[in-house]
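Please model the complete structure; the sequences and the hints are all you need to start from.
Okay, here's what each chain looks like letter by letter:
Number of protein chains: 2
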Amino acid sequence: MAYDISKQELVNLYELETLNDFAIDFMKAVGATDEEASIIADGLMTASQWWHPGQGQGLEKLFRYQRRIKGGGIIPNAPMEWITDGPSYALLDAANGFGYVAAYRAMHRAIEKAKNTGVAMVGVRRSNHFGIAGYHALQAAKQGLIGWSFTNARAEMAPWGSTQVILGTNPWGIAIPRKDTHAIVLDMALTMSGKGMMRWYQQEGRDMPDNWALTPDGRVTTDPASAMDGPLLPIGEYKGYGLSLITDVLSGVMTGALFGQSVFQDESNYNVGHMMLAVSPSAFMKQDEFDNRLEALVDEIKSAPAIDAKRPVVLPGEIEFQRMSERERDGIPVSKETVEGLRKLAAEIGVDCPL
Amino acid sequence: MAYDISKQELVNLYELETLNDFAIDFMKAVGATDEEASIIADGLMTASQWWHPGQGQGLEKLFRYQRRIKGGGIIPNAPMEWITDGPSYALLDAANGFGYVAAYRAMHRAIEKAKNTGVAMVGVRRSNHFGIAGYHALQAAKQGLIGWSFTNARAEMAPWGSTQVILGTNPWGIAIPRKDTHAIVLDMALTMSGKGMMRWYQQEGRDMPDNWALTPDGRVTTDPASAMDGPLLPIGEYKGYGLSLITDVLSGVMTGALFGQSVFQDESNYNVGHMMLAVSPSAFMKQDEFDNRLEALVDEIKSAPAIDAKRPVVLPGEIEFQRMSERERDGIPVSKETVEGLRKLAAEIGVDCPL
Chain C
1 MAYDISKQEL VNLYELETLN DFAIDFMKAV GATDEEASII ADGLMTASQW WHPGQGQGLE
61 KLFRYQRRIK GGGIIPNAPM EWITDGPSYA LLDAANGFGY VAAYRAMHRA IEKAKNTGVA
121 MVGVRRSNHF GIAGYHALQA AKQGLIGWSF TNARAEMAPW GSTQVILGTN PWGIAIPRKD
181 THAIVLDMAL TMSGKGMMRW YQQEGRDMPD NWALTPDGRV TTDPASAMDG PLLPIGEYKG
241 YGLSLITDVL SGVMTGALFG QSVFQDESNY NVGHMMLAVS PSAFMKQDEF DNRLEALVDE
301 IKSAPAIDAK RPVVLPGEIE FQRMSERERD GIPVSKETVE GLRKLAAEIG VDCPL
Chain H
1 MAYDISKQEL VNLYELETLN DFAIDFMKAV GATDEEASII ADGLMTASQW WHPGQGQGLE
61 KLFRYQRRIK GGGIIPNAPM EWITDGPSYA LLDAANGFGY VAAYRAMHRA IEKAKNTGVA
121 MVGVRRSNHF GIAGYHALQA AKQGLIGWSF TNARAEMAPW GSTQVILGTN PWGIAIPRKD
181 THAIVLDMAL TMSGKGMMRW YQQEGRDMPD NWALTPDGRV TTDPASAMDG PLLPIGEYKG
241 YGLSLITDVL SGVMTGALFG QSVFQDESNY NVGHMMLAVS PSAFMKQDEF DNRLEALVDE
301 IKSAPAIDAK RPVVLPGEIE FQRMSERERD GIPVSKETVE GLRKLAAEIG VDCPL
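Protein chains in written order, with my numbering: chain C, 1 to 355; chain H, 1 to 355.
For the record, the hints were derived by calculation from the structure and aren't laboratory data. Treat each hint with caution, since some may be false.
Claimed, not checked - Stretch-level coverage of chain C by chain H, calculated; a stretch enters the list once three of its residues show a Cβ under 8 Å from a Cβ in chain H: (1) 61-75; (2) 86-97; (3) 147-160; (4) 180-188; (5) 244-252; (6) 281-295; (7) 302-312.
Note that beta-carbon positions come from the ideal geometry of N, C-alpha and C, so glycine has one too.
This is how it looks when you write it as structure tokens:
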């Protein structure tokens with residue numbers, strides 16, 4: 001079986017439908033509406049099919065949702081409200097509801113508008129963690145549009161030349177639709193890596209690359225432990241710092257959400273901001289022409305010889321979609337730790353657990 | 001005097017107005033209209049004020065323009081044509097005209113549209129090198145909008161895991177308007193560095209960082225010479241490859257320009273593509289509110305203590321605008337080599353040379 005999970009991790013395999021149904025039942029039991037539960041389950045399933053369980057974006061999220069709802073930080077069926085709505089823009093107040101749901105609604109509003117005007121951006125304020133950025137971008141690609149999702153996040157990156165964390169990893173999801181096959185999907189943080197990956201290196205006793213994080217006093221290091229309390233380093237050095245700052249302006253400043261050090265701090269009011277951009281290629285040229293030209297570029301890319309024959313050149317998202325196919329065939333891995341925890345939690349909240 | 005130019009470079013200093021007038025006269029003498037000459041001179045002056053002469057984006061460009069016009073690759077007063085024009089999009093066929101002019105017109109069309117609809121994207125096909133990306137983004141910021149300029153460029157980057165160059169450095173300019181002061185301007189290539197900088201390291205006999213470029217057979221190296229024929233490395237490794245690919249889709253594939261390995265190859269038809277995005281913050285919230293929130297984020301950033309007290313934290317573009325102020329006071333440096341060449345060329349084409 002061909003998925004790459006940490007050797008320390010023990011997993012069970014389940015069918016997609018089983019996990020999806022369970023995620024829906026679970027979310028409804030903690031207060032989500034049918035629509036909310038479906039969107040969230042779809043996001044978690046996408047993450048589970050694209051990545052390994054250690055990524056923490058699959059069913060593991062259910063623990064957090066239950067805890068955050070219980071604590072009042074996430075409000076199911078929140079009275080989300082459209083604050084402003086124009087030809088190519090709109091702004092949604094998510095009223096501390098689910099980030100997945102708010103971002104989903106915003107991207108679908110952007111898609112609808114972009115179909116009319118060519119291009120649209122829709123922002124979200126008072127939201128929560130929106131899950132995986134690529135999921136929201138993919139919504140646009142599924143309808144033949146280019147999607148770009150932005151969000152701010154907890155401060156983990158310092159302005160270039162400082163160690164004081166002010167900006168987030170501020171992930172981007174960008175999806176380009178292809179005819180008759182999976183979209184190109186780039187799902188990436190604006191940092192070189194993250195604390196989760198650093199912890200894994202630490203557990204494995206491995207050195208990390210020296211461009212992942214600094215020590216709290218600003219020294220370069222390859223020791224994950226000594227950088228665990230330091231700032232994550234941006235992609236492209238000062239460039240990634242600039243991109244993260246601009247992302248916070250688009251998703252935080254311009255939406256009315258929190259930004260900088262304040263976002264994701266108060267458990268009862270994370271007030272995360274997102275921005276969704278949708279672009280209709282068929283505004284610019286005939287759909288067929290776009291499709292054919294894109295395939296010509298893809299052919300160029302895919303025909304580039306690999307440095308290491310065992311690692312052929314791939315498009316952004318290609319490995320993730322290959323993994324998705326494998327998992328449709330073989331089942332989706334869930335770590336045993338997660339399975340045990342979910343069994344217990346499901347019993348507590350009165351949901352049947354098929355795991 | 002506080003500009004940082006290579007110690008090997010000898011420069012003369014000139015007043016902005018002198019250089020600007022000369023650039024206009026020069027461009028008109030090689031066929032540019034008054035409007036074209038003004039736009040190009042403004043771009044060259046901005047580059048001359050922001051960067052050092054070695055960057056090659058200042059008056060040095062005049063040699064190239066004259067040569068490319070003579071060779072038929074750039075057509076002054078080209079019959080540019082709007083191919084399509086909708087509520088939040090438009091597409092300009094630049095008819096092999098000046099890249100600066102085409103991108104300027106496209107961004108101004110995007111600004112005009114975004115003022116009505118909130119957000120707009122305007123593409124350009126059959127263009128030439130558009131100068132500095134930040135100049136075009138700045139056009140939007142000068143009118144209180146957020147600007148983002150994309151372009152494709154000559155293949156110098158390989159898909160991640162290959163050494164075959166297919167994608168360009170595909171620079172981005174992003175500008176965020178600030179009230180009563182200079183915009184935040186991020187002007188960056190999607191590669192860690194460029195061949196020009198590598199040549200400078202080579203001349204200086206210095207090692208370069210090992211994440212700038214590979215050898216032609218795909219080895220990591222710190223020797224500029226051995227990577228001079230190899231691919232430039234993207235920011236954030238595979239992430240920057242993805243960003244460059246997506247930039248080529250937006251600016252090349254979706255505009256009808258050339259893309260991938262083909263763009264910038266045929267001297268008589270570079271057929272470069274650009275994409276301009278303009279966003280109106282006042283579509284999302286009151287302008288005052290946006291301004292105040294942005295300044296609050298800027299304050300957070302600027303109050304971050306520096307690791308090295310001699311290198312305080314700066315905003316993207318801040319150093320460039322400082323340099324601009326210094327040069328307004330002290331004069332703009334032009335390398336003696338450039339001055340001598342321009343004197344000769346000006347005499348040839350019958351333009352008075354004040355240098």
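Hints, verified against the model:
Evaluation of the coverage hint for the region 61-75 of chain C: breached, as 0 residues show C-beta separations to chain H shorter than 8 Å, against a requirement of three. Under the rule that three or more residues need a Cβ within less than 8 Å of chain H, the assignment of the region 86-97 of chain C holds, with 5 such residues. For the region 147-160 of chain C, the stated coverage by chain H is satisfied: 3 residues place a CB nearer than 8 Å to a CB of that chain, which reaches the threshold of 3. Under a criterion of three residues with beta carbons nearer than 8 Å to beta carbons of chain H, the stated coverage of the region 180-188 of chain C is upheld, 3 such residues being counted.
Residue count for the region 244-252 of chain C with a Cβ under 8 Å from a Cβ of chain H: 6. That meets the three needed, and the coverage hint holds. Taking a C-beta to C-beta cut-off of 8 Å, the region 281-295 of chain C contributes 8 residues in contact with chain H, enough for the three needed, and the coverage statement holds. Chain H is given as covering the region 302-312 of chain C, and this holds because 7 residues of the stretch bring a CB closer than 8 Å to a CB of that chain, at least three being needed.
The structure shown violates just one earlier hint, number 1.
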